[in-house]
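Just so you know, the sequences run in chain order A and B.
Residue numbers for the first sequence follow the working numbering, so the first one is 1 and each next one is one higher.
Residue numbers for the second sequence follow the working numbering, so the first one is 1 and each next one is one higher.
Hints may contain errors.
Pairwise CB distance ranges (calculated) [claimed, not checked]:
1. B:G210 with A:G32: 51 to 59 Å
2. A:L106 with B:P15: 14 to 22 Å
3. B:R146 with A:A50: 31 to 39 Å
No wet-lab data here; the hints were simulated from the structure.
Note that beta-carbon positions come from the ideal geometry of N, C-alpha and C, so glycine has one too.
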Amino acid sequence: MTAVPDRPDVTLLSLYDRALPQVYGYLMGRCGDQAVAEDLTSETFLVVAAGRQDVPLTVGWLIGVARHKLADHWRWQARQERLFQAIEGSAAEVDDPWDVELNRWLAHEVLNRLASQHRAALTLRYVDGLSVPEAATILERSVAATEALLVRARREFRHVYEGSIDA
Amino acid sequence: MPESRADPFDALRAPITPLAPDPAFAAALRVRLLRAVPPSIPEEHLVSTEMAIRQRNGFRHGDVSYITLGLPDLARGRAFYGAVLGWRFSPGSSEHGVQVDDIVPMMGLSEGEAVPGAVLGFRVDDITAAVAAVRAHGGTISDPHREPYAMAAEGYDNQGIPFYLHEMPPVPADPAASGREFHNGDVHGDVSYLTMVVPDLDAAHEFYRGVFAWTFNIGRAGGAQVSGVAPQIGMTTRPEAGPATAGVILCYRVDDIAAAVQRVQGMGGQASEVAQRPYGLESLCADDQGTPFYLHQF
């Protein structure tokens with residue numbers, strides 16, 4: 001037998017058992033929808049399988065791909081929503097200071113109910129803990145546009161959150 | 001009093017909580033990955049440029065590696081298919097068989113077979129595992145043995161349809177075919193499609209999914225399109241052509257179906273009127289020894 005060189009399929013497939021719960025867990029934890037999480041998990045692994053073979057495969061890298069897939073999903077969803085309603089108000093884009101200790105459980109519930117682009121921005125910035133420039137790259141927006149989006153997202157979040165408390 | 005105003009949104013921060021998905025989903029995705037990953041292979045397996053361009057033995061586990069077409073009379077078969085499809089032939093391993101040159105997948109004509117008609121060979125990654133899978137899914141099969149071309153085994157599926165297995169190292173898909181889900185031949189004379197006539201679709205599904213990981217898109221009554229195999233395969237319980245016994249009907253790609261139909265008739269075969277199908281032009285034919293086949297022009 002000749003020595004078999006490193007085969008990328010061995011690498012990805014050998015990573016599969018370890019990476020699958022991480023990728024699926026990441027997506028499920030952020031989108032909360034089994035069907036969507038399964039679709040995006042499939043897309044993540046398949047795009048990696050079909051893609052460049054010279055990138056060292058790690059779970060972290062797969063999570064990065066999954067994050068892009070999630071952002072793509074919300075971007076698509078946002079386009080659907082815009083067919084029905086204008087979600088981006090023209091109010092001045094300044095933050096009201098908000099001094100509150102968020103209930104984590106309720107906060108994630110609220111996040112799930114926001115317009116998709118707002119949910120995407122807050123998830124990348126806060127749930128994943130990315131910097132604004134990092135989030136901007138994934139959202140395919142400028143840093144300034146991302147800052148503005150975050151302002152609107154926080155405003156919608158606060159509105160829904162406070163509405164939930166009052167209810 | 002200095003106010004330490006932490007960002008309340010920091011409460012959203014959530015580390016990744018690993019979560020195992022539905023096992024059926026995980027298993028299905030693994031199969032898709034096995035098929036999707038372009039395997040890299042040692043250079044020495046690429047014996048010629050031509051092989052690198054046109055893989056004649058399939059390229060992944062479960063693809064058709066070889067087709068034997070058993071005919072009552074070999075000489076008549078050579079004359080008929082040579083004239084109709086332009087096939088050229090090389091000597092086979094005995095005087096009762098010939099190899100068809102160049103076409104995809106690799107194919108041979110043979111006379112005096114116990115089973116007339118087409119018998120498919122499938123490539124497998126690991127013949128020991130594949131033989132075990134055949135037996136586990138109700139098939140019967142010989143133990144693997146070494147042949148000049150590959151480790152091989154012959155058997156019958158769970159409904160008595162004969163086939164054989166060839167263990168072959170994985171190879172890259174044809175560059176021209178990369179990313180293509182279905183393979184219907186690239187040039188005149190190639191096999192464009194295979195119709196498998198099976199007594200029971202559910203039983204076929206069980207066997208071929210289990211052994212080769214094919215996926216079935218069960219469609220119109222009594223039929224299914226199979227994904228994950230080259231060339232493309234359709235399964236039916238009710239063939240349009242030939243005796244309704246289990247087996248395989250071959251389809252061939254031609255450049256000019258009207259001219260090909262004339263050649264079929266000129267050589268003593270039969271051909272139906274050319275029909276427009278969603279996928280192309282089609283004629284249902286029989287050779288001069290009664291073997292049914294289809295012609296396709298895409």
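Hints that the structure is at odds with (numbers, increasing): Hint 1 contradicted; others consistent.
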